[in-house]
Amino acid sequence: MIAKPSIPDVLREPGAQIGKPVSRVDGRLKVTGGAKYAAEFSAPGLAHGYIVSSTIARGRITRIDTSAALALPGVLHVFTHENRPSLAWFDRKWKDDDAPKGSPFRPLYDAEIIHSLQPVALVVAESFELARYAARLVQVEYEAAPHRTDLHAHRDDTFTPGKDKGGFQPPPKPRGDADRALAEAEVSVDLEFTQATEHHNPMEMHASTVIHHEDGTLAVYDKTQGAQNSHSWICNVFNLSKSDVRVLSPFVGGAFGSGLRPQHQLFMAVLAATQLKRSVRVELSRPQMFSFGHRPETIQRVALGARKDGTLTALIHEAVQESSQNENYVEIVVNWSGQQYKCDNVRLDYKLCRLDVHTPLDQRAPGAATGVPALEIAMDELAHKLGMDPVELRLKNYTDTDPNTGKPFSSKELRACFQQGAERFGWAKRNPKPRSMREGRQLIGWGMASGVWDAMQGQAVAKATLGVDGRLTVGSATADIGTGTYTVMTQIAADVLGLSVKDVTFHLGDSSLPMAPIEGGSWTVSSVGSAVKAACDRVRDRLVTAASKMKGGPLAGIGNQEVVFADGHLVAKADPSRRVSITDVMRASELLTIEEEARSVPYLLARSRHALGTHSAIFAEVRVDEGLGTVQVTRVVSAIAAGRIINPKTARSQIMGAVVWGIGMALEEETFTDHTLGRYMNHDIAEYHIPVNADVHDIDVIFVEEHDEVVNPLGAKGVGEIGIVGVPAAIANAIFHATGVRVCDLPITVDKILEGLRRNRGD
Amino acid sequence: MPHPMGFAPPPPEVMAVTLTVNGVETTLQVAPWTSLLDALRLHLDLTGTKKGCDHGQCGACTVLVDGRRINSCLTLAVMQDGRSVTTIEGLASGDTLHPLQKAFVENDAFQCGYCTPGQICSAAGLLAEGKAKTDDDIRELMSGNLCRCGAYPNIVKAIRQVMGEGGA
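From first to last, the protein sequence lines stand for chains Y and D. Each residue of the first sequence is one higher than the last, beginning at 1 in this note's numbering. Each residue of the second sequence is one higher than the last, beginning at 764 in this note's numbering.
Just chain Y, with the same shape it has in the complex (with noise of 0.2 Å):
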């Protein structure tokens, strides 16, 4: 028997690309060293900046002496608030697209100090080294003004944030009367948890050098999550035309946020520049990589009620977090608990505390990654307590539709996470007693929580051009910080025109190209990864098109929906030994270039009537040392349900990449503030510990399938952020399970578990 000829798997629409495992298109220039990040850029002449941080948290510059710096030779220039240009004036000048509410802080704009290692001088020479010994000689005196660090000082003192942020949204209202249900409960926890500031610590610090060209023009190579953000806070700042300057970010060696705001050091460069008439690069020092943004401290308190079977009857967060005093940095941390579980009593509640720091930044799943552990630990110390699984428990309480708002989510696939990783991670075998696994002095416990973050979409906007030679190029001036942009968006368009990867470039990183939101939130896929499948969507029609008007042609008279395209060529759905190259159609059609731009627009109205958001499960294993009290996490697996995923490769890392922060977070880093000083302690990464190799063992990621056509044409939610959110849950719930010892106040050190210990052996 014959077989019917069937359309061959690479000819499946879409997706012969989406989806695909492809290892990074730019992973060739990152293993060779010809990747080029923002101080890697040169240009003849460049002179060294160097800033000069001042020693106090509050008060005024009373005299700033710069003359044993002046008198080296090579030393150009030392810019200090007294002898800078003007500058604007309003504060809307000063916002950039993820400024909150207030009044943005101006590098040496005035004598005022609002946080200590704030930028006061820039010392400009011939060299690096030089630059660094002026900074050195340049005398600062100071009157210091009584300044407040402390949040747990000044917890009392705060006030109710209002919708001060794009993207922030206050917490509900009540629903019920949860303070009644708590008292009233069967069973209850009410747990008191802080969340210690942390910094983002790229491995980049971060840096820009400005090109100053003779015409007066600017190239500046910035470390930003987004060029056109850096581009606009430039022009506005100093007043300059937006023809006459361009942001160019091709590289930039991981942000977590940290660049989603204009820093510092790009004032700087472009100071310098403009007055020297110069091109200047200024870098940041590792100390002064925690003189801007950090994930705020927080304190919070959770507390559930149930019945005896598990219902929740009781929801209560309240949050404390920190923000400056110029600025009301708000994050939604509170709002999760009211949207995970099934709950008729819910009372959610989140103030700000203003303290005398720079103000907080957005870091990887701002909110959600202090909000949500909260909640996943009270739900494991409540699942203790009813001596229910905590998987069941989750459950029990789960819920297809968002409380908070009553819509359904467009897609929720969290059940297969719990079931797919609990299968994974051998869940069923876990016997529920704390201390119950033991090999000699190492308490092994088994710990899980689940996690949430939001699908967002932006508007953005791609062009897409394709040349007679079958090569498509594809811009949008969005950026990859590791993400994996330049891989996914080189897939998406390939998929379109069933090209090789190889016969795609795509741009980013450059305030010329068209337009595109900043890169943060996980929407970059959802945002830019519609826009440039709408470009070259557009550019597949006028293929087609075109192929259907050849006379005489393979695919005269076709119809779009009739058409595939693989191997570079269009070929009829029905028969595809009809088949016409791209080339092909172009030169007959008399075509050397099709130029197509698209903007995406989010689905408003289907989004309106839905909740959307990733979710995940994770299970963690850790094996604590009952005599040192040191934790090791030796297996970890993470179930994502993210919609579709567009590389398994790239997604992959990102989960595993966030897990490994959700260890950090969860037993490593805080910043430590002196708070006599008003000054961080151990600003620098010997003492702000991150993980290194030695503390990440198996990381197993699963994604699970989920399908959504609310969310984007692409039915891809983004996984930058899903991956860290619950992590530090699932492990502090395994440290309970191994010791007894319930520890809520993150990072959980050695001396935490030690004392944990010492208390439930009665010492």
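Simulated from the structure, these hints should not be mistaken for lab results. Predicted model only: the values in this text are computed from it and were never measured. Worth double-checking, as some hints may not be accurate.
[Unchecked claim] Simulated pairs of lysine-lysine, DSS-like, Cα-Cα distance not exceeding 27 Å:
#1 Lys433/Y / Lys463/Y
#2 Lys502/Y / Lys649/Y
#3 Lys342/Y / Lys242/Y
#4 Lys308/Y / Lys342/Y
#5 Lys896/D / Lys385/Y
#6 Lys920/D / Lys20/Y
#7 Lys649/Y / Lys894/D
#8 Lys242/Y / Lys308/Y
#9 Lys649/Y / Lys20/Y
#10 Lys649/Y / Lys865/D
#11 Lys920/D / Lys36/Y
#12 Lys433/Y / Lys396/Y
#13 Lys896/D / Lys502/Y
#14 Lys36/Y / Lys865/D
#15 Lys463/Y / Lys36/Y
#16 Lys93/Y / Lys242/Y
#17 Lys385/Y / Lys429/Y
#18 Lys308/Y / Lys95/Y
#19 Lys20/Y / Lys865/D
#20 Lys20/Y / Lys242/Y
#21 Lys433/Y / Lys308/Y
#22 Lys502/Y / Lys36/Y
#23 Lys429/Y / Lys396/Y
#24 Lys920/D / Lys896/D
On the provided structure of chain Y, position chain D as indicated by the hints.
Then chain D, alone, in the frame of chain Y:
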């Protein structure tokens, strides 16, 4: 702050330093306060070697000096006079990637790529040392190279793959 000597000493004079970098002998005029890292990045435009902390805390600046891995920010260029330095730019042979470079790409052993040159040079040093036998050995002996993106499991896989192929 005022200088402890009560005055600011003048910047040091430059000196001639000869290094063989990626097989090419080069004489540089650098001041004694210039680190090997800054000599590579700022004087030779070999920016593949990265600056992540400038204090020997992160390993991003790892290069091979006479075949041994070192943090190039913790040594001065003048101290390496006459030595042979291999940087990430010197690992591939023409268009053919070093087995570690290839394995890093295949295993997605990086994300942002900033620590990657240091990781790869460090891994080359590790293989030459011949001490690492197990995954735990690799983890321990690669712990001087921080990766904020958290690519560690894939870094271990990439190195193990090359070890399995009989080294480099």
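Results of checking the hints against the structure:
1. With a CA separation close to 58 Å, the supplied pair Lys433/Y and Lys463/Y exceeds the 27 Å bound.
2. Taken as a hint, the Lys502/Y and Lys649/Y pair is honoured in the structure, with Cα atoms around 17 Å apart against an allowance of 27 Å.
3. For the hint pairing Lys342/Y with Lys242/Y, the CA-to-CA distance comes to about 51 Å; that exceeds 27 Å, so the pair is violated.
4. A C-alpha spacing of about 16 Å is found between Lys308/Y and Lys342/Y, which places the hinted pair at or below 27 Å, so the restraint holds.
5. With a C-alpha separation of about 45 Å, the suggested pair Lys896/D and Lys385/Y falls outside the 27 Å cut-off, and the hint is violated.
6. For the hint pairing Lys920/D with Lys20/Y, the CA-to-CA distance comes to about 20 Å; that is within 27 Å, so the pair holds.
7. For the hint linking Lys649/Y to Lys894/D, the alpha-carbon distance of about 30 Å lies beyond 27 Å, and the restraint is violated.
8. Restraint check for Lys242/Y and Lys308/Y: not satisfied, since their Cα atoms lie roughly 64 Å apart, outside the 27 Å limit.
9. Straight-line distance between C-alpha atoms of Lys649/Y and Lys20/Y comes to about 8 Å, which keeps the hinted pair within the 27 Å bound.
10. Pair hint Lys649/Y plus Lys865/D holds up; C-alpha atoms about 16 Å apart against a cutoff of 27 Å.
11. With a CA separation close to 26 Å, the supplied pair Lys920/D and Lys36/Y stays within the 27 Å bound.
12. Between Lys433/Y and Lys396/Y, the direct Cα distance comes to roughly 21 Å. Compliance with the 27 Å bound is thereby established for this hinted pair.
13. A hinted pair counts as satisfied when its Cα atoms are at most 27 Å apart, and Lys896/D with Lys502/Y does not qualify at roughly 37 Å.
14. With a C-alpha separation of about 19 Å, the suggested pairing of Lys36/Y with Lys865/D holds against the 27 Å cut-off.
15. Distance restraint check for Lys463/Y and Lys36/Y: the Cα-Cα separation of roughly 24 Å lies within the 27 Å cut-off, and the hinted pair is therefore satisfied.
16. Note on Lys93/Y and Lys242/Y: the hinted pairing holds, with a Cα-Cα distance of about 14 Å set against a maximum of 27 Å.
17. Between the alpha carbons of Lys385/Y and Lys429/Y the distance comes to roughly 20 Å, so the proposed pair stays at or under 27 Å and holds.
18. For the suggested pair Lys308/Y and Lys95/Y, the alpha carbons sit about 52 Å apart, so the restraint of at most 27 Å is broken.
19. For the hint pairing Lys20/Y with Lys865/D, the CA-to-CA distance comes to about 19 Å; that is within 27 Å, so the pair holds.
20. Distance check on the hinted pair: Lys20/Y and Lys242/Y sit about 40 Å apart at the alpha-carbon level, beyond 27 Å; violated.
21. Distance restraint check for Lys433/Y and Lys308/Y: the Cα-Cα separation of roughly 18 Å lies within the 27 Å cut-off, and the hinted pair is therefore satisfied.
22. Straight-line distance between C-alpha atoms of Lys502/Y and Lys36/Y comes to about 21 Å, which keeps the hinted pair within the 27 Å bound.
23. This hinted pair checks out: Lys429/Y and Lys396/Y have alpha carbons roughly 20 Å apart, not beyond 27 Å.
24. Under the criterion of a C-alpha separation no larger than 27 Å, the hint pairing Lys920/D with Lys896/D is consistent with the structure, at around 13 Å.
Hint compliance for this structure: hints 1, 3, 5, 7, 8, 13, 18 and 20 are not met, and every other hint is.
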